[in-house]
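Chains as they are written, first to last, in the numbering used here: chain X, 1 to 241; chain V, 1001 to 1144.
Simulated from the structure, these hints should not be mistaken for lab results.
These numbers were taken from a predicted model, which means no experiment stands behind them.
Honestly, I wouldn't trust all of these hints.
Claimed, not checked - Only part of the chain X face toward chain V is listed, based on derived beta-carbon distances under 10 Å: (1) D2; (2) A5; (3) D10; (4) F93; (5) G205; (6) Y209; (7) D210.
The beta carbon of each residue, even a glycine, is placed where N, CA and C say it ideally should be.
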Amino acid sequence: MDPRAAAIEDRLAGVRRIVAVGGSKGGIGKSVVAAALSLAWADGGRRVGLFDLDFTSPTGHVILGAGTRFPSEEFGIDPHVVAGVAMMSVAFFSGEAPAPLRGGEATNALLELLAITRWGNLDVLVVDLPPGLGDTTLDVVRFLPGTGFMLLGTASIVVLESVRRALRLLGEVGVPIVGVVENMRRDGGDLVEGLARSAGVPFLGSVPYDAGLESALGNPGRLRRTGFFDAVRRLAGRLDG
Amino acid sequence: MHEFALADAVVKAAVRAAREAGIDRVEAVVVRVGELQQIATDLFEFSLTQVLPPSDPLLEGARFVVEREAVVFRCRVCGREFGTGDLGEAPGADEAEAVHFIPELAHAFVRCPGCGSPDFDILAGRGVTLERIEGRGGDLPGSP
């Protein structure tokens, strides 16, 4: 018997809400939106956690400028607090070393971190999912019941095809879908909104493409001054409603 | 070191398993500890026996038996099975600490001594497993 599953419930007992940021395809801005959403909520006075579940390519720590130092430990491990956001990432343990994990090993790493991380009392825990509908997404459904999924899409038929599949899967397994967000919006059109409408899930709005975003990554202060962040702040407000 | 957190998980799992199996009083909790996670067994056993059990009456007087298990890796590329003794140079302190917290991070630091691949399975000796509990009112065999 794996003892970790018994510990997870207690570790998350103080977490009021979990929002998973996903979207199937890589490169559509899931991690940046997840980190910015956490920051926006923290700026608004919420107690926020950010859990980077992309074990093979973690980047949340880069976006918030958290570094890769080891977490402190006493009766469990404590997330790093960066710009008001309590953050946990496998990068705090692996540093810059690549960690090639197969699916079952990613599950083990997830269980290990869930069993030992002391999140404490949080209003919301934002979970940054890796691309795809593989083990980690299924593990979140299994081990973090009640998690609401927010899916990102861009106005690309390639991306929309994968978001459509994700919506169908999550609907089949009865997972709450908080809504769909259009990211990197460059011009008019309503492809993403149309997809949300046809799937019968809320469309939460668009986040514009921001050419200045790249130079703000790694610095929460600069990130807050981008147009991108203004849009994410509005998104956080809608998710509160 | 996070022996207390691991021991806490074992105790919670043992209590849950005992209730599910209809055990009124647990007499023994058998725990398997994999070599890879480098648990400090004295601290782990101290947490099990001195810190945690009084939190639940089901475990009053229970013995905790900690069995160690050697780690066995098998390379997916060349098929070689190997253990920590085959790895040559010992891992650095930071690497050992990372694997202690998340054993899967062996993939970041361990390479097959036969072909150098990081693509291997951990067949045995990974981490902490609740092997079985014994007691009055029922019995729960361990899961493989």
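Structure-based check of each hint:
no. : hint : verdict
1   : D2   : 7 Å, holds
2   : A5   : 7 Å, holds
3   : D10  : 7 Å, holds
4   : F93  : 4 Å, holds
5   : G205 : 36 Å, violated
6   : Y209 : 34 Å, violated
7   : D210 : 33 Å, violated
The earlier numbered hints that this structure contradicts are 5, 6 and 7.
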